Structures are given as C-alpha cells and as structure tokens.
Amino acid sequence: MITITPLSVPWASSQPFASTSTSSEPGFSLIPNGTSNSAASTERPKALAYLLDIDNVRILIGCGAPENFSFQRKDADNEGDEEAAKRGAHVTEERAQGEDEMQSDLPERLRGESLARRACTENFDTLLADLAPTIDLVLLCHSTLSHLGLYSYAWAQLGLKCPAFATLPVSSMGRLTVLEAVAGWYSELGSPTEKIGRDECTTSEHARIRRCLTSPSSIEESFDHIRTVRYLQPTSLDGKLAGITLTAYSAGHSLGGTLWKLRSPVVGTVMICLDWNHMRERHLDGTALIGAGGTNAGAMEAVRRADVLLADCERAMIVNPRRKDKDAALLDLVHNTIRSGHNVLMPVDASARLLELLVLLDAHWAYAYPNVKFPLCLISQNGKEVLERARALMEWTTKTWAAKPNEETDSGNKKKGKDSMSQPLEFKYLRVFSSLEAMDTAIPASVAKVILSVPLSLTHGPSRALLARFEKNVEDIVILTQRGEPGSLGRWLYDRWEWGQEEGAKWGRSAVGKEIRLQQDQTCEIKLCERALLTGTELTEYLEAEQAAKDREAAQKALRARTKRRLEADEEEAQESDSDVDSDASSVDGQGDIDGLGMGAGATGEAPSDGYGEPGGSRKRRRTALSSERDVRMGLGLQDGRAGGYAKEADEGAEGGTSGLSYDIYLRGSSARATNFFGANPVAAAAGAGGRKGEKYGVGVRYRLFPVVERKRRVDAYGETIDISRWLERGREMEELAGDPNSANGPAGAATARGERYEDPAIKAKRLEAEKKAKEEAERPPAKIVGRTISFQPTCRFAFVEMSGLADGRALKTLLPQLLPRRLVLVGGDEASKMDAVKSFSAIEGMTKEIFAPSLGQFISIGELTTAYTLNLGEGLMTKLKFSKFEDYEVANVLEAKLRFGMESNVPSLELLSYEADGDKESEMNTNDESTGATSGSIQTLLKRPTKAVSSTLFIGDLHLASLRALLSTPPFRTSSEFAGQGSLICGIGAWQLGLKSSASGTASSSADGGENPEPSVSVRKESKGNVLVEGNVGVGFYRVRDAVYKSFARVDT
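For the sequence shown, position 814 matches number 814 in UniProt numbering, and the numbering has no gaps at all.
None of these hints come from the bench; they were simulated from the model.
Remember, it's a predicted structure, so these values are computed and weren't measured experimentally.
If a hint is listed, it holds; no wrong ones were tucked in.
The calculated lysine-lysine pairs, modelled on PhoX-like cross-linking and capped at a C-alpha distance of 20 Å, are:
#1 K849 - K839
#2 K773 - K384
#3 K772 - K384
#4 K1022 - K849
#5 K384 - K764
#6 K449 - K373
#7 K766 - K384
#8 K1047 - K882
#9 K1022 - K1047
#10 K839 - K813
#11 K472 - K527
#12 K514 - K324
#13 K384 - K428
#14 K527 - K784
#15 K506 - K324
#16 K161 - K240
#17 K775 - K550
#18 K506 - K326
#19 K449 - K472
#20 K882 - K898
#21 K428 - K373
#22 K813 - K849
#23 K326 - K514
When you get a sec, could you build the whole thing from the sequences and use the hints?
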C-alpha cells in the first residue's frame, strides 16, 4: 500500500474536493468538483515536505523551510486551516483494505486522518518534532531552502537521524545555502554563543518570533551525514529499507537537481518529480523526462510506466516567455542603467539560480564591456566558496562544459583565447564581497555598478539594506528575478509591479513586462537591524561582565587543573601502595621489620623508572626517610600520638591540601591504609602493631574502588612490541617510489629537512582564513543590535524578469502523458491549478483515469496491503525454473514446492517436490512382482502414469506499439514498421508503401520495389485490455514480428 500525506505545501486549500470514481475500482480517481479559483486557497511560504508510506517504510520527501526560518502563521491562516481540518482528511470515500493493520504499531496521532489534520492545523516544525523518530528515509531534491532548509535543524534538534540521500551538488550547495541563510540571521539577531545586547524593540521581536536556527557546526555535521549518489546509479537500501532500490535522474532547475525513482518489489515503481525544468540552460541540461541528451541521455524510457507518479502542478496555468526574450529584457535594463551612470540591484538566492545569472552577466560583460570597468559585484558571505564548489562539480553541468576544459588544453594557448573566458564558471569580471561594508570600502559610491545580493525575498541582510539606499535614487533600478515569499518585502514589490502591468504583460502570460515606478501612496514600513557600538555606561557594564566571565573561566580552569594533578598523584601512588604491602610481608619473613617507627629495608629499596615494565613486574619509587616515616605513621594511625585515629596529613597543602582519610573516595595514595573493622590485618594485630598484642581489631587495608587507572601496554595482543620507526622508514621508501609530492623529495620532505612542519596549501589557506576571522571577531569592538523602522517610499524603478528556471503548464501537460503513469498524484498547486491540470489530463485518450490531487489536510491511499517475504530458492528448483525478464525483475512460475527451514539460516528455503523419486519406487515395486509378467507389468505402468495436460503461457506486461516499433528496428529483427490508424502497426518490407493506405482490417500485402522475395506485411493491433492480435500470412516475416511481440512480454508457463 502507498500512502501520501502532504505535510508542508505552498498552498492551503479552503474548499474540499469531491471524490468521483471514473474507473472500475471505486475510490481511485479525484476530479475537482465545481468551479474554483486561486482565491479559494491561501498561499504560504514555500517549504516542501511530503510523507510517503510504502507499507511499513516511511519516507520524507523534502524538508524545507521559509527564508525567515519561521513557521508561525497568522490567525487568519489558522482559522482557514481549522475549517479545512473539519471537513475530513481522506480524499477518497472508501479506504483501502489493510490500512489499519499496516500502521497499527504507530500512535493514532502519527498516521492516517489524525496526521493529515495535524498537518493542517500545526506548524510543520512542531509536527516534525513528533514525527521524526518514525521516519526511515529522507530524500532531498534541490539545494534551495524550500527543499532542505529545515533538515539541519531537524537533524540536530528534532531527532531526524535516519539515512538521507541526495546528489553531491545538492549536498554541497545545500550546505552553503543553509550556512549563508543562518549566518545572515545571526548577524542581525545575534548568535546564541555571542554575547551581544539588543534594544527593547529588537528584544521583543526576537522573543516573539521563533526561528528554527541551529549552529554552523550542527549544519556541517548534518550535511556530512547525507549519503550522496550519482545520476542513473541504482542504490539498494538495507536494514528496514531492504528491497527498495533508489535511482536519481536529472531534474534541471539547479545543479544536481534530482528526480527520484523508488523501486519496491511490493508496490512497484514510484516516481517523484518536484521542481523540474525541460529547457536546456547555459549551465544545465534539461530534465531526464525528455531524454534530451546531457547527463541523463536516453533515460526517459527508464522513468516511463511508473505505478505512481508524484508531480508538482503549481505552475499548471503559467506560460513562460521565451528565454531569448527574457535574457534580452534583462540585459537591456542592465546596459541602459549602468551606461547612464546609475546602479542596478538584483536580489538573488545563495546558490541554486545564482550560477545561471552569473553566467549570463559575465558573458555580457566579456562582450559589451571588455575595457570599460563597470563593477559586477556579488555580496555573499559564502560566495567565493560557492563558486569554488561549482567549478569542482563541472561534470554535473551541461555536457558541453564537461568536455570544454579538455578541448582547450588540447588546442594549446592561442592568442585569441587569452581575452575570453578560459574555463566555464571562472567569472573574470565578478568581484565577490562578504559584506556590504567590504564593498563600500573597495568601490566608491559614485561608481555605476551591478550588485547581486542575498537574500532573494529581501527579508534581511545586505539586499534589504541596499534597497533602503536605492530609495531616493530616481534612475537606479531594482530587478526582481523571482516573486519572493508571501509576506516578504520582495513579494510586496512584485505585487506592486504586477498591478502596474497591462493584462497581457502580467506574469504567466508568455510576455515580459515593463519597468514601473511606485506611486506616492504606495508605501510600507520596513525594519532594519544594525550594530551600534557600546558607549558610556553600557560599555562599562559590558566590560565588567566580560571580566567577571573571564575570572570565572580562569577559576574553573584552575579547578580542573587541580583535579587533574590529584588524579595523576593517584596513578603514581597506586604502585607505591603495592610496595608497602610487599614491605609488610617482608618484615614478617625476617627481611625487614617495623618496630615502633622504624623502617624495613624494603621500604627504601630502589625501584625501576616510571615507565611501564613487563606484565607481572612492579614499579617502586625512591623515597626519603621522612616521606616513608610519614606514610608508616599514616598507615598505623600513630600521628599526633593517637593510635588508630584519623588524622590529617602533616604537610597538608603541599599537593592540593587534601585530607588523608576524610574523603569518601580515594584521592591520595597515602590513604590506602587505615584502621577499620573489616579487613583487619591479623599479622599486624598479632605483632602488636597499632595496639596491644592480641587486640581483636587491628590495622587493615582500605581497598580503593575508584578511580580506576587502566594500564597501557606497549605490546600488542600477541606479546610483540611494534617497531614504529621501521614502518615509518618503509612508508618514506614507498612515497619516494611512487613520486608522492609529500615524499622526502617533495615539499613535505624539504620542510622536514629544514625542521619545519609541512602543511597542505589548501588546508593552510583555510586555517589562515579561519584564524583571520577569529582575530577580527576578537578585535571587533563591543556592540549591540539596534532596530529601526523606516517608512519605505522608493522613487527608483522596479522591474520583474523571472529567472526561476522551472517548467510551465505547457511542458507539464505535454510531458507527463508521455510518461504513461498508471496513477498520477498532483501536489503543490492551488485549487485552480489542480482543476486545470486534472481536466487537461482527463481529456487525453490513453492517459490514466486514476488521478489524485490531495490538498493540505488530506491524504490518499493507493492499493492494498501487500506482504513481502524473503526466500532462498533451492538448487533443485533453480534448475527446473525458466525465468523471463520483466522490466527490472525476472519472473517464473512455481507449480508445486515446499518450504524447508534450516538450522544455519533464519531465511526459509523453497524446494521443489520430487515426483521422480516416487515414480521410480513405483516402477521398482512392479518389476519385483513375481505373479505378473514383464509385458503386463509394462502395461500396468503405462496405465498408471498420469496424463499431463499441455501447459499454457501467461504473458506479463503491457504492449506499447511505439516500443514495439523501436524494437523491430533493432537486430535481429530489422523489420520496417509504420502506424496505420488508431492502435494498429503495419510491419514488413512493404510497410512504407502501405502507411496510411492499409485496409480497415489492418492487413495488406505489398512488395518492396526491386525485392526478389518480398515479405508479406503483418499487422499488430490492440483490440481490448489484455488482447493483442497479430495477423498476416505465415512466413519468415510473420514469425519475426511474433517473436518481437513475445519479447515485449515476460512469458511464464502455467
């Protein structure tokens, strides 16, 4: 069974869908009822997350977050969500059988209708906190915040520790995107680890808005946890996910963008297509859905005929303008503005669509301004690293770029190529700045320039601050490349631009609009957060608090050092205790005595050095008479003239000031001996030590329980000491033989010879950069965050040129029917888009009628609960079975077999029943019957032999005439074929002559011109579901076509 539940989508429906059954199986088709429009849906910031249940496996598709990392909604939205939740969650009238059994181990709140209601009424981060422990797999499609912005927070704070899969560019670029966004918010709100003040306005807003932000170290660790895959690389999962095969295909739109294909032996194939682009761009090829070459050339056949196709229909009613028109409009605006000496601002995202814009602008700079220095600037904290990663991921770009560096290397250094871009993504005319202040320092304000700044929706950061600068500059222009998130400043500007366009020039009408100026009454209030230096009383209080914190840290450090010294003293005294016991034993044997306060010779004997000796050896220290005398007094309890008393050390404070016997745990070696009831020393008591002779309670040993110090051994488990120097010498020899640059002949060896420590240049550069940032952070003067609200009434110009790189409604309605899915699930759009898409697909003949369009607060269940078992096929069964290939599987029919459970494995084995042995036994009995002749015995054996019916053949699969025609053109068939009417294919040498002239029955005969033995034509028709008719005269051509038809199916003898 497959269950799909939207958890976070950009549109929340406020009207229910009616379930209308149009297939033989009720409850599996959804068509919107009545007329609806976009006003019936509430738009939210785009943060995508869908829960896919495949029997007992739960897969989270996407883990997105808004640009402000806040999922709190307005009261109006919550009221609409409550109304949507009241209407019920299931979009089908009849639930599939076995749903309760499938998820019976999950709480009611985490499955089915209850989960769908919660998705409609609760914030996604709150819901995910409860849902994360039950998720088994996470799939990430793109490197944008809308697809993976919440993943790091969920991994670090919500317990989303399950395996996650993405392509290498999505993981690498997604990491930088999240780091950029989090760093931007921390620069305005203050990092949790940063001691920074806030004014009253900023403090109240910070407490009121809860943002899902995590530390940079958690972001790095979470993305290191992601498993990367390549395109067209089937990945077999293990553990609870065993049996599922995962394959990634190119989606376009972003570097490494992915379409996921899930293959399960239980439910079949699930294809996930979110945010794809069919058009080839400058740095990316089109999606694999069209098989238009590039990285996934010819992959369209692999994604066809999916059992379930999950597709995004948000842009079903959008018609994109031509790319040529968009590029020309954008470059004209840029060219005319900077030529007149004014500035251009373009808010952009951190990585996904940034590269396409940079490639376009850098190519324009190389062509139009090779000698004129108009700065092209990018303001992004991680901008340089984004470009470096993109150059390292060149193989994921368009196929022409992947081979371009090699071609240039082969061609040599030509003069005409020196002024042009030597490598893709080099960006010779681009200047990257980490902050707005860095750009102001490097470039004067009077110089005309083009500025690309993050973030995209102008919610915070340098793009918002730059917009405030552009407010009074009449001739400056702000170019929006995407609409921005609902409720953001970028969306507010886009809405004003759309209101100023003519009806045919609005967005989605296949035209590029014109620039506008805001009217005087079109104003809004925006808040800017800045850092202000502390002065006066605030600075004094801050310095005092900082000094107090340093003092506390120094005290804690001293305490830790003192504890460490005590533990080290315990380790040294541990062996000394053993020597004391040996001394006591030797005194009894006559080798030494303890008379009063005297000492035996064993107490002052020499001991080996502090190193560890061989097992069984002892380690003793050379002690002075004074220390030995003190230890004896402590052991006998005679200090201060009191026998058996607990006294303090005479030299307390010499090593930390510890008491000899007053601690609950053992801290000093001298406290090993004490007078106690348990463990009394009968030898010492008999000798009169510590009291009168024959005293019942004598001197005992206090046994230490902790801390336990484990002894390290210099030998391995086999008792052999490893010679490290020998292995180091061998390693240097191998490096020299291999020509390693780090060998003795390379930089590393030269540095070692000079007595210096060698460090890789790349690692050294990163380390120096980190040290530089840490130094700048330490030298930054104390400051606080101050928020100020301004009335924003810009007089500059505004324009909108969409560069989102997503497919429009025409591509959606053209490509999806070509994939021939068995079931189609449309998600992500408003009600108007869903209704338009469903009507378009329903009107296509041959398109599936099982179309679903769930909204937020609804879920769908497809199929029935299927149980899968794992069996081992026995050797006898394997030799008898005849396998036939069907898609990615091999199928065979098992008539009669039995299960056998072995002791060596928990997996049962399927063995073939042995009828031959039973038949041999019966023949042997008839042969040994003396009353029956040989002839009669043979007759009886023949009569008793069971009659065997002729087996029939079961054909598995579905015949597609287009696929059959492609198969006929390949060896060994080599047969021409042409379509003739609906559902008919004419095959044979004369097919090109027949073409459209074939008879109504679809059969005809003709000869090819010049052919000596022309083959008759053969027609193939699909009459009804499950019936394929092959007609023609018997001959070589007929059998050739029949074999091709047979090869299109999996054949199983029943």
